[in-house]
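Asker: From just these sequences and the hints, can you work out the full model?
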Amino acid sequence: MSENRNIIELIDIYKAFGAQQVLKGLNLGIPKGQTTVIIGRSGGGKSVMLKHMIGLIKPDQGQVMVGGGDIVRMSDHQLNQVRRRFGMLFQEAALFDSMTVMDNVAFPLREHTNLKEKQVREVVSEKLAMVGLPGVEHKMPSELSGGMRKRVGLARAIALEPEIILYDEPTTGLDPPLSAAINRLIADTQEKLGVTSVVISHDIEGAYQVGQNIAMLYHGKIIAQGTPDQIRDSSDEVVQQFIHGRPEGPIDVI
Amino acid sequence: MGFMRPMEYVGGKFLRWLDEAGELLLLFIQSVLWLLRPPFRFSQIMKQMEFVGIGSLGVTILTGAFTGGVFALQSYHGFSLFGAESLVGSTVALALTRELGPVLTSLMVTGRAGSAMAAELGTMRVTEQVDALYVMAVNPVQYLVVPRILASVAMLPVLTVIADFVGIVGAYVVGVGLLGINHGIFISKIIEYMDFSDISMGLVKAAFFGLILSLVGCYKGFYTSGGAEGVGRATTRAVVLGSVLILASDYVLTAIMF
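Read top to bottom, the protein sequences are chains A and B. When the first sequence is numbered by the working numbering, its final residue is 254 and no position is left out of the sequence of numbers. When the second sequence is numbered by the working numbering, its final residue is 1258 and no position is left out of the sequence of numbers.
Don't take each hint at face value.
Pairs of lysine-lysine, DSS-like flavour, derived with a Cα cap of 25 Å [unchecked claim]:
#1 A/118 with A/139
#2 A/116 with A/139
#3 A/58 with A/221
#4 A/116 with B/1047
#5 A/58 with A/32
#6 A/139 with B/1047
#7 A/221 with A/192
#8 A/118 with B/1047
#9 A/221 with A/32
Hints were generated in silico from the structure; no laboratory data involved.
Answerer: Pasting the structure below:
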């Protein structure tokens, strides 16, 4: 894959926490304008990998190229410029629990734009309507269900109309209809805004639904990457065991 | 090899302590640097001043009043043995303004606001709200830590003045009202023996204690890990470390200033 087609490139990333080596020479390119789903085992380092892409975690070794620049070697100021191109939906949404939904979604707008308060409110209402939650502006995050919180988190992530959206396990812990709704929301957001999306998941059906591109993380490396069909037809035994959810195979299940 | 064990233990503790001191200092330096860079977050600062200042008013008044009252009672018993009851007012006033006002107020605020800072920032850390700030290109030291430190440094002297005043009133009520010390003598001895520097030095201490309790509270919260248990641990440690540092630095500051 050429440099220009990939908006994010992780190159030979190593990362350990204490004695535990989580990423071991990981290479991955994220194609621009598409949705890439990263599948892999729970606790296998998927979130760690995602957090490398936005500089929340720095690698012990390796490069993280975003739009051609290596964010590992950037100053805080430069890194903040890059971060403004991103939106991120956290696993538990990470809404500020001392603020209303309105203030949460308005937060990036008030920080980084000169919009008047009236315009801010309009944008917030528009984004909340996009995620299917009109009229919840005055609620506190604690009054919302898990699925609603995730949707507010997504509204906040897209408030500044980012080029890239990172989703950390957007459907984990949700019931199947809600998971499907969130998956549709991810696909819709990608279609409407034409963004690059990176989705972390261990929900293989969801991955087929939203991803134009699927990569599998195993033992700290990307062992397979391709279209949903290519992944489905992969000859790799680890991939086959994972996507079919078999207990026997090369993946050591305890 | 057996005798190495205790040395390892002591050495390990010492290294961890050094680590902690270094991290605390780094957070302080970062806070000072971010303090000088716009945007200045006035609404956050006002919110924290309300929390630290107005919120601690009740506990400060109660602490001051009872401390002044009991101090008057105790010193009256001692001084009456050699007929020096007239000095109760000035003794209490000096002790309050120089020592008890700043120290007790700071300890109470550490328990109330320092612990709350650790719990709040700790919860934000473990629920990824701190990461969310980074992702939205907002520095959490600037957004969360700096306003808390500024508010504490500004409000602790104010609370201390109130504690000093209420304490002296408490001593007056006990000394003049209950124990029958002459009103005129009580007041005139305070004026005679107390300098303005006794009050102002006490306030400098209070501002310094405000820095300690907020920095420690934020530090423990900011570096929390390990879920709800971690938040609980951070809160406890913020109170313990904050209180110990206040008492230890009180000695050093007193030795330097008076």
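Asker: Against which earlier hints does the structure fall short, listed by number upward?
Answerer: Checked against the structure, the only hint that fails is number 7, while the rest are satisfied.
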